[in-house]
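K.L.:
Take a look at the letters that make up each chain.
Number of protein chains: 2
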Amino acid sequence: MSGADDPLGPGPRTKIRRLAERGRYDEETVYAILDEGLVCHLGISTPAGPLVVPTAYVRVGRSVYLHGAPASASLGTAVGGGSVCLVVTLVDGLVMARSAFHHSINYRSVVVIGAATEVTDLDQKRAALEALVEHIVPGRGEDARAPTDAELRSTKVVRIEIAEASAKIRAGGPNDDPDDLDLPIWAGQLPFSVVTGSPLADEHVPVGTAVPTYLTSYARPSSAAAGERGPGP
Amino acid sequence: MSGADDPLGPGPRTKIRRLAERGRYDEETVYAILDEGLVCHLGISTPAGPLVVPTAYVRVGRSVYLHGAPASASLGTAVGGGSVCLVVTLVDGLVMARSAFHHSINYRSVVVIGAATEVTDLDQKRAALEALVEHIVPGRGEDARAPTDAELRSTKVVRIEIAEASAKIRAGGPNDDPDDLDLPIWAGQLPFSVVTGSPLADEHVPVGTAVPTYLTSYARPSSAAAGERGPGP
Chain A
78 MSGADDPLGP GPRTKIRRLA ERGRYDEETV YAILDEGLVC HLGISTPAGP LVVPTAYVRV
138 GRSVYLHGAP ASASLGTAVG GGSVCLVVTL VDGLVMARSA FHHSINYRSV VVIGAATEVT
198 DLDQKRAALE ALVEHIVPGR GEDARAPTDA ELRSTKVVRI EIAEASAKIR AGGPNDDPDD
258 LDLPIWAGQL PFSVVTGSPL ADEHVPVGTA VPTYLTSYAR PSSAAAGERG PGP
Chain B
78 MSGADDPLGP GPRTKIRRLA ERGRYDEETV YAILDEGLVC HLGISTPAGP LVVPTAYVRV
138 GRSVYLHGAP ASASLGTAVG GGSVCLVVTL VDGLVMARSA FHHSINYRSV VVIGAATEVT
198 DLDQKRAALE ALVEHIVPGR GEDARAPTDA ELRSTKVVRI EIAEASAKIR AGGPNDDPDD
258 LDLPIWAGQL PFSVVTGSPL ADEHVPVGTA VPTYLTSYAR PSSAAAGERG PGP
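Residue numbers (the numbering used here), protein chains in the order written: chain A, 78 to 310; chain B, 78 to 310.
Just so you know, the hints here were simulated from the structure itself, not pulled from any lab data.
Mixed in with the good hints there might be a few duds.
Facing chain B, from chain A, some residues (calculated, C-beta under 10 Å) [what the hints assert, rightly or not]: (1) Val156; (2) Gly157; (3) Phe269; (4) Pro276; (5) Leu292.
Cβ coordinates follow ideal geometry from the N, Cα and C atoms, glycine included.
Between the sequences and the hints, there should be enough to build the whole structure, so can you do that?
P.N.:
In structure tokens form, the structure reads like this:
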């Protein structure tokens, strides 16, 4: 099943309306962004109005899994309601144009729409939480103490099946007006990246204990476009 | 007016229900997080369900300003509806516990609830967009070509007055179960930070043009808690 043959969108809430040339609906692009991010923003409808909640997630196939406390009001509302909206945004840098008007941010984002259902089967919960740990720190699952059944029962796991999704990407340099190109103003990109500092052991780790290599060499998978000198889309 | 005397919350959508000890409602804490972030996630209600949109923002006093194209469907919906929800999340690192169950993420987030109104006065729009550029790259506003009236008219500016807000902060090391502390498993924190790469001039900048110091020494203001060895809240 190729992404080109079976696009994830567009749909009513995922169609890229502004700057449509930045929109992508293929699985490869959407999944690469979902697999790089750590925290998503979940949008749900509450009687008082919309609510947005930042939370960790993992994509497995065409589903996204979230977790929380059994009493989590936001996950409870998500499961009880209609479809939810989930967004992952990666900021790649700042775009300095000659005009204030054309300043921009380089980013990659994904919008997912789908219905949320609670996962109650313990084996399915275990698999989803294992995938979550592996998504956040590949290799950690083999070291950490696995969840007990009691811990699994005291964790709410929610699956969002991706009904539709879109990616939006801005990369490259500024798009100044032709008349501005001769202005004596520096213009270009300031790339951003997320780096990890030195792992910091807690006070119960015996002195001299080796830091796992999956932490000393930690890096997110990246699908960021290489910095380009040309104007972006 | 001090933050302690005039807290921004809690309210129905900003009260921290889970792990209430992580919640803060004072202006100083909330504003510091809003002033450090670059991109927020705006939650709005649409007839099809909730929608979340990542977008740049700036806080000025007790308001947050957003901007977009005049035809922006999300900003139009935000202005036409009831209160919106806006979230800023800063990820400070990963928390490795001995048990998979107690793994966590260190973060600082703010939830803002308020009504969105369109700013139509050109001078007010100019001031909001100047503040936005200054928020994203302090110093850039003096160099960039200022917006023309036509550019201001072709930019929609939206103000969200903060009706209520809360911050949620997790910092420090893992909170393992006492029985797990003797397990031979490394535990602690992996700090994250955002760094900038070398500024990349576009092809129209004359060779030898100096890169502005506000880019070579770029840094976000930071209110991150220093790494601690003790358990987090």
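K.L.:
Determine for every hint whether it applies to the structure shown.
P.N.:
So, going through the hints one by one against the coordinates:
1. Val156: Valine 156 of chain A check fails; min Cβ-Cβ to chain B is 14 Å, beyond 10 Å.
2. Gly157: Given a least distance of 13 Å, the restraint on glycine 157 of chain A is violated.
3. Phe269: At 6 Å from the nearest chain B Cβ, phenylalanine 269 of chain A passes the 10 Å test, so the hint holds.
4. Pro276: holds (5 Å)
5. Leu292: holds (5 Å)
Of the numbered hints listed earlier, those contradicted by the structure are 1 and 2.
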